[in-house]
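Undergrad: The numbering of the sequence shown is UniProt numbering, which starts it at 1 and goes up by one.
In case anyone wonders, no lab produced these hints; they're calculated from the structure. Incorrect hints may have been included.
[Unchecked claim] Below 30 Å or equal to it, Euclidean Cα-Cα: the simulated DSSO-like pairs (lysine-lysine) are:
#, residue 1, residue 2
1, Lys283, Lys329
2, Lys332, Lys302
3, Lys333, Lys247
4, Lys332, Lys282
5, Lys123, Lys171
6, Lys123, Lys63
7, Lys258, Lys302
8, Lys258, Lys283
9, Lys334, Lys151
10, Lys332, Lys152
11, Lys3, Lys84
12, Lys171, Lys151
Everything numeric in this text was worked out from a predicted model, so none of it was measured.
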Amino acid sequence: MFKILVVDSGVIDREMIRDTLTEGLEGPVEIHMAVGAEQAKAILERENIDLLIADAPRAAYVKNLVYTAYGTNSSIRVILTTVKREDEIAQIANRLNAAGYLLKPFRREHLVAMVRPLEEAVKEDLARAGEAERSAYLERIRASIQECQYKKSIETAKEYIEFLCETGDNKNVIRTRMVEFAAGLAELGHTQSQEVQNQLGACLERFRSRFDLQGNPFEVSLVIEEMVDIIFNDLDRRQLYSDDDLKRVLNYIDRNIKRGITLDDAAECVNMSSSYFSKFFKKSTGINFITYVTDRKIEFAKDMLRSTDMPVINIAYELSYNETNYFSKAFKKKVGMTPVEYRERCAREAGQGRHTTAG
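Start from the sequences and build out the full structure, keeping to the hints where you can.
TA: As structure tokens, this is what we get:
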């Protein structure tokens, strides 16, 4: 999203600039307006402004405003508008490293012609930053896979999805970046068998279509999780885990939490007897196996309650609880409130956060 701040004491000038750029720029644009420096400073501190268009009635006034803008975003672009003589404003613009200036009254097409290259430059900067961010997250996932940390891999992927959804970009931009991320994730399996690469490729195609149909971050994260599962399943088959039995069984629990995993299942995963595994698990984690699995199920439930509108009964079945009442009791014992109360609290907190941001 290309963010512009227009600072001008004249309401007609402000609205003319806003309307001209809203109609004349190609990409999505968010335009903020301020009457004077104090209001402008508040917006600069709150928003990540890409372009400042400021009237320059006095040199000292605009100097302070522009320096404030540079302090909040060192890469911000600046355009000055003025009724001053051209030689005078040219000197001011040069000293302030402004991208350009316009003498009032100026033609609308001249404004658009000056802003469009800046819009393209910001897009390129954002694309480079987005690529660097994506690479950093993928590298973290690669490291987690090498360390056989399944849970950490999934959490990092979800963190990136949440990061994208919070950028404020439009859906098409977010979709493109998510698909690029999924493609990068699929690329992590390029050293594995052709079968694994084919499975990851099929997942990537489902990812594209699922985002087109729903665009829900939780639904998207399910496909990402499936891709990580494919990689870890291959590690299992090739026995490329470390000798750390605890790490292996914790990964196994997280990957199978939704299918009603039992102590016998987990014990078999690390080739231990059930009785020995029970003692081993409690000694290694400090809690017994059933408590650990219940705690992990509750964490999964909290994520689904926050991220989806899935009915509580469906969430219970998704986590292999045959009785909704039993699930609700287990949830309340752990969280201190029922699933419905937890969902309502999350909705209130999200609403308050949006209200605070808007204010």
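Undergrad: Could you work out which of the previously given hints the structure breaks and list their numbers from low to high?
TA: none
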